[in-house]
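2 protein chains.
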Amino acid sequence: MGEPKSRAAKRAATAQRILDAARAEFGEHGFEAATIRRIAQRANVDPSLVMQHYGSKAALFAIAIQLGEPGPSEIGAHLHEVLDVRLAALPPQTKALVRSMLTAPEATDSMRAFLNERVANLSRAMGGDDADLRAALIVSSILGLTIARHFLKLDALTSAPDADIARVARPWVTTGVEPAGQHSRTSTKRQVRP
Amino acid sequence: MGEPKSRAAKRAATAQRILDAARAEFGEHGFEAATIRRIAQRANVDPSLVMQHYGSKAALFAIAIQLGEPGPSEIGAHLHEVLDVRLAALPPQTKALVRSMLTAPEATDSMRAFLNERVANLSRAMGGDDADLRAALIVSSILGLTIARHFLKLDALTSAPDADIARVARPWVTTGVEPAGQHSRTSTKRQVRP
DNA sequence: GAACTCACTCATCACTTGTTGAGTCAACTG
DNA sequence: CAGTTGACTCAACAAGTGATGAGTGAGTTC
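Protein sequences, first through last, are from chains L and P. Going by the working numbering, the first sequence opens with residue 10, and the numbers climb by one from there. Going by the working numbering, the second sequence opens with residue 10, and the numbers climb by one from there.
Honestly, the hints are just simulated from the structure, not real lab data. Watch out, some of these pointers could steer you wrong.
Distance condition first, Cα-Cα at most 27 Å in a straight line; then the derived BS3-like pairs of lysine-lysine [said to hold, decoys possible]:
1. 66/L with 19/L
2. 66/L with 162/P
3. 104/P with 162/L
4. 66/P with 66/L
Since we're looking at a predicted model, the values are computed, not measured.
Please take these sequences and the hints and turn them into a complete structure.
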């Protein structure tokens, strides 16, 4: 175990350890039920130190749910990201954010902003009639899949291997990429008027 | 206003008023953040009376999230129920259940049981390869739509009229009803708007 | 090596929560 | 009409919460 560290580096390491503990705790119990004391215990630290580092429980939460990468805006990469990578396991930030998005207003706002942007990107990339609506359906559908699998742990989604889920989900989700009524494989831009 | 009531009837009415207040409060803030005091205030009643009626906060919550009808098991009726009726507004029980399903273990279990059964019904009704998986995707997708619209209030899903959402969502969701590899027209209903 | 800095702990506060038991007054019973 | 029941309120408790501020001792500086 590498012990020799400068004082500032040790403080930074402690801050990170607290943040990791907070993400895990928020991710398991949500904002309301998570306590500073348990976060501190998880980080092997005094509760008051958590406050000295992050100011308040709300401030710590705001940092804990900050998502790292904005995610790809191209459709194919987006679906690969979601269906292949994120299907197996969620990052702690995402887990904490999703867990509290229905009860903590700050998390709700953050999630709404994140998904709104994702819908806008997808909608622009797809085009066609009802692009916003179709994009929103894709995004909300993936959200539902994530919740049902990782949080509710539905039988059908926890017993099946990841590959099977991705195999069945991809063509079905991809259906929404094309405008309604059209089931041909065309590229991104397409304008159809019934 | 009809005031003259027997003592038992008045007590039953008070119990119902408390239950309604509880559903509303749980539906807005979730189990953890909701307080007996606010529920009592909402029902114009002393906090201790809530306990005398329902025993504990947890017991009250357990009753508050009990869903009334089990819902139709036939596919067409199921989709009509979800896309036409429930799209506009959710019953208080459902709102309370969904709000807390990610943070309150009791709500998580209840929701999992409910959706598991719904998946089983749909899967049996559809048949074909990967029936369980396809059914789970339909169900989780509708869950995601509900959350994105009624709880996160995504722009694209709150600005569009209910009819538009149903029109775009129905054929897309219905795609999963048929086994993979088939991209024929939707088998159940027509998909052209009036 | 003495003086100082500061990451960290300890003890404690103010507050809110769910929950309890005694008391109150109108409605029912004989 | 007197006595009892019971629906309801009042006051209070124990437990747990986020947050505060004074200390303490190892690391840093000169």
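Hints, one by one, checked against the model:
no.: 1; hint: 66/L with 19/L; result: 22 Å, holds
no.: 2; hint: 66/L with 162/P; result: 26 Å, holds
no.: 3; hint: 104/P with 162/L; result: 20 Å, holds
no.: 4; hint: 66/P with 66/L; result: 25 Å, holds
Of the numbered hints given earlier, the model fails none.
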